[in-house]
Structures are given as C-alpha cells and as structure tokens.
Amino acid sequence: MVFKNWLQEYQRPLIGFASVAAVILFWELTLTFLIPLNPFFFTKPSLIAVAFKEQVIDGALWGDLAVSSRAFLLGWSFAVILGIPIGALMGWRRRAEYTLDPFLTALYASPLVALAPLIIVVFGVGLFAKTVLVFVLSIFPFIFNTFAGVKSTDRILINVVRSFGGKEKDLYFKVIFPSTLPYIVAGARIAIGRGLVGIIVGEFYAASEGIGFAISRFGDTYRLPEMFAGIFVLMIAAVVLTEGMRKFEAVIAPWRKTGET
Amino acid sequence: MVSFIEAQGVTLVFKPKNREHVTALKEFSLNVTKGEFVSIVGPSGCGKSTFLNVLLGLIKPDTGDLTFKGHPITGPSQERAMVFQEFGLLPWRTAAANIELGLELKGIPAAERTERSKELVKLVGLVGFESHYPHELSGGMKQRVGLARALATEPEVLLMDEPFAALDAQTRDIMQSELLGIWERTHKTVLFVTHSIEEAAYLSDRVIVMTARPGRTKEILPIQLPRPRDYEMRLTPEFNDIKAQIWNTLKDELKTSSRNGF
Chain A
1 MVFKNWLQEY QRPLIGFASV AAVILFWELT LTFLIPLNPF FFTKPSLIAV
51 AFKEQVIDGA LWGDLAVSSR AFLLGWSFAV ILGIPIGALM GWRRRAEYTL
101 DPFLTALYAS PLVALAPLII VVFGVGLFAK TVLVFVLSIF PFIFNTFAGV
151 KSTDRILINV VRSFGGKEKD LYFKVIFPST LPYIVAGARI AIGRGLVGII
201 VGEFYAASEG IGFAISRFGD TYRLPEMFAG IFVLMIAAVV LTEGMRKFEA
251 VIAPWRKTGE T
Chain B
1 MVSFIEAQGV TLVFKPKNRE HVTALKEFSL NVTKGEFVSI VGPSGCGKST
51 FLNVLLGLIK PDTGDLTFKG HPITGPSQER AMVFQEFGLL PWRTAAANIE
101 LGLELKGIPA AERTERSKEL VKLVGLVGFE SHYPHELSGG MKQRVGLARA
151 LATEPEVLLM DEPFAALDAQ TRDIMQSELL GIWERTHKTV LFVTHSIEEA
201 AYLSDRVIVM TARPGRTKEI LPIQLPRPRD YEMRLTPEFN DIKAQIWNTL
251 KDELKTSSRN GF
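Residue numbers (my numbering), protein chains in the order written: chain A, 1 to 261; chain B, 1 to 262.
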C-alpha cells in the first residue's frame, strides 16, 4: 500500500526515467545484437559513455565549454540590457511600436542563423562574432515578451494606483514592472534556446575552439562517440539553464498560480 | 444642509476613435451631505460607474461643476477612495501589502504602515490572511482587502463601484452587513453604485434612481428605515414597500435600456 502510494506520487519522474532508460537500452541492444555497428556512421551509448568520461569528466572539453560560455553570456546579457528597454518602449509608446514592429516581426520570424556567414565576414572569427550572433538571436524574445507584458498590463490596476495618488513613476514600478516581469523571464527561457543555437552555429562556421567547434571537429574526423559526448554536454547545459529559469520564475513571481506558464 | 459633495450639470461624452460617441452622463446633478450613505441604481450603461470615476478624479467631465468640501475636483485625492468592482488587487502583493498601497504612495514609513494595516485587517475580518496573495483568497476575502485598502488612507468618502456584484448571494449578505457595521463605526460618507434594489434599500439613506443612457437623475428616494439595520429588517412589509417603490421608478428605464440593446 505504501509502495503503491509512493509510485503514485512519483509517477511523473519515474515514467520519465523509465522511458529514457528504455530508449538507451534499445539503442545499445539493437547495435550490439541486431545490426552490426559501423563506427563511421553511428555509435552506441556505451561508447558515448566512455567518450564522455574521457572528454568531460577527465576535462578535455572544459576549455571549449569555457570559451563557448563566455560568448553566450556576453551576447545574452547584451540582449537583456537592450531588449527589455526596447520592448518596454514599444509597449508604452504607440509610435515606437508602429515604427519598430515591421522590422522586428520580420526578423523574429526569419531564421536569423542565415546571417551567420555575414556576421563572421564582418566581425571575424572568434569571440566577438559569436557574441554578436548570440545577441542577434536572443534579443527578440526579450523585446517581444517585454512588449507583450507591458501591453497586457491590466488598465484597472493602473487606475487603482492612480486613484490612490500614484504618479507616473509609481505606475512603472508598482504595476507595469511587476506585471511584466514573468513575461520577461519566460522570454529569457526562449532566449536561452536561441542563444545556444547561435553559439553552435557560430562555432560550426568558423572557430578554432569552443564546444560547437569540438562537435564539428569530432564529426569531421568520424569520432562519433566524442561528438555525441559534446552534444550531450550541450543538452545538459540547455536543460539546466531553462529549468533554472523556470525555478527563478517561481521565485520572483510567487503570486502566479502553479502550473501557469 | 451643507453640501459635502456637489455635482452640478455634469456631462460626459466618450469619444472612442472610429466609433460612435456615447453620452455617458447628461446634466447629472447630485448633492451628498457628510456622513450620508447614498446609493445609485440605474440600468446597465447609464453612467453610474462613470460618475464614480469622475468623482474619484480619474475622468474629467466635458462640462459641469464638481466640488468636494467646496473645492473643485481636479484629480485623484486620498480624501476619496474607491472600492473596485472586480476588486482591483495587485496580484503580486499580499493582502497586507495591498492594504498598504495608499499609505505607501503617501510616503508613510513602513513601521507605521504595518501598524495601520494590522488594525484594518482586524476591522474587516482578515486576521490570518495577511500574507496570502489575492489568488489564494475567496471573492469575499478579496473584497475585504479592497475595502481595507480604501479605508487605510482614512478617506472621508468611500466610493463603491458595485463592490459585491462578483460575490455569491450569501457572501454578499454578509459583506453588506459588515459594511453597515464599519460605516456606523467610521462615519464615512459612502457613494454606492449597485444593480441590486435590495442592496440599495438595505444600506442607504437615499437611493438615486438614474435614467437609461444618457444618465440623469430620475428620482431621489429617501429610505426612512431606522438604524442600525439588521438582516431581519429585510423581511418586513416596510422594506418590501421601499423595494417596490424603487422598482416602480426603475422599471421604465430598464425597458428603455433593453430597447437600446443592453
């Protein structure tokens, strides 16, 4: 009975874990017993685990990871610093919205990674070009979510604060900002995914170090287990960052009902 | 009698872009004495809520004179506080922090604010819910917060815009009785907008019946029931007579209003 309750309570992580384990097992067993493994075209979990130990746990990839992180953090931070004010301005001043909206809509909808070659030509190979690429990709979620947050601020609450004697700055700090904050954090989550794409694409095109470069180099030299180990590191980074952001959202916006996104 | 609140010939036309202009109030006049409880009833869209916003100072009328204690109303003032229809609570603030909003905007130090909100929490019956967020509170509790917030800055006038309309019938009865209790203790002047004839009759000294849009005063009915009033009073024939009187004044306006598509 106790065990049954325990199963019920942890149903979600248990099933999730089982499903991942099943896929890995299927992958491993298929390539071990059913189809002979051609190491040039494919690999299997046990080999990836060995490579992961060598590359990550023993430290060969850490240098690359540090290089990529720096570009990611720089680009993403600039996106925060510029994206939020632009979005707020668009939300608050209608003319600013009308002026910027066509560009932003077109740019947000386009696969901006297509600009990668151009950015590399202009800014060269290295930290700066990658930072720009991350910035270009991750600024839009900040702009649009801040904009949407400001726009969806409840007019009634604005009137409430005005009626109790609130001035313009009170409207910003006591209504618009707190009501927009959850939108911004949700935007930050999207921006993480897009920024990671930026970093990897940047390093695929032209780089001599970084996690994307490592993945691409391993791929080119048919070292597939190492390549997957690199991809695995990226996956971990992406999950940790986005889940961290989700937790952060719950901390800064405790008034939001749980389960709301 | 000295006029505490005086509205003389207030006309207000809403002019939305690309849409028909709507005359919300036309030559609307009203006098309220200090300490009076006045209700305004009228068909939907007759401008009664708009009038409260005008009194609050959030909307400027096109023409007409509005004075409060002899001075023209030019903008919001902490002497007049509103209790909002859908509560209007800031969802990111706890009950106590919502109650303290007006005090905060007035620049009252934190310690004093806490002190004051504690008193108010007791007054409106929210003890134990101070640190709850609005989404954790029931409708009745939310409006207790709304009422406490309005009382916090010690306004002389409470403007109440259908404050209990979003509550279920029983909660509504309880809130009405508690409001009467608080009113008797604090002697605020109350302007109360409602759709409910029963509510208006039960609470008020006078009931203003408004016409269908554009809203003007159709009739002013004094409610001569003794105070303090209690729930049992609603079961008396006198109370029913008053309700019938209000209803008879209002019913033609409701017909006009429904012909206009409300």
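Simulated from the structure, these hints should not be mistaken for laboratory data. Among these hints, one or two may not hold up.
With a straight-line cut-off of 27 Å between C-alpha atoms, the simulated DSSO-like cross-links for lysine-lysine are [what the hints assert, rightly or not]:
(1) B:17 / B:34
(2) A:167 / B:26
(3) A:247 / B:26
Sample of chain B residues facing chain A (criterion: CB under 7 Å; computed from the structure) [what the hints assert, rightly or not]:
(4) 59
(5) 76
(6) 88
(7) 107
(8) 121
(9) 133
(10) 137
Glycine residues also receive a C-beta, built at the ideal position from the N, C-alpha and C atoms.
So, going through the hints one by one against the coordinates:
no. : hint         : verdict
1   : B:17 / B:34  : 39 Å, violated
2   : A:167 / B:26 : 30 Å, violated
3   : A:247 / B:26 : 54 Å, violated
4   : 59           : 10 Å, violated
5   : 76           : 5 Å, holds
6   : 88           : 4 Å, holds
7   : 107          : 10 Å, violated
8   : 121          : 18 Å, violated
9   : 133          : 4 Å, holds
10  : 137          : 11 Å, violated
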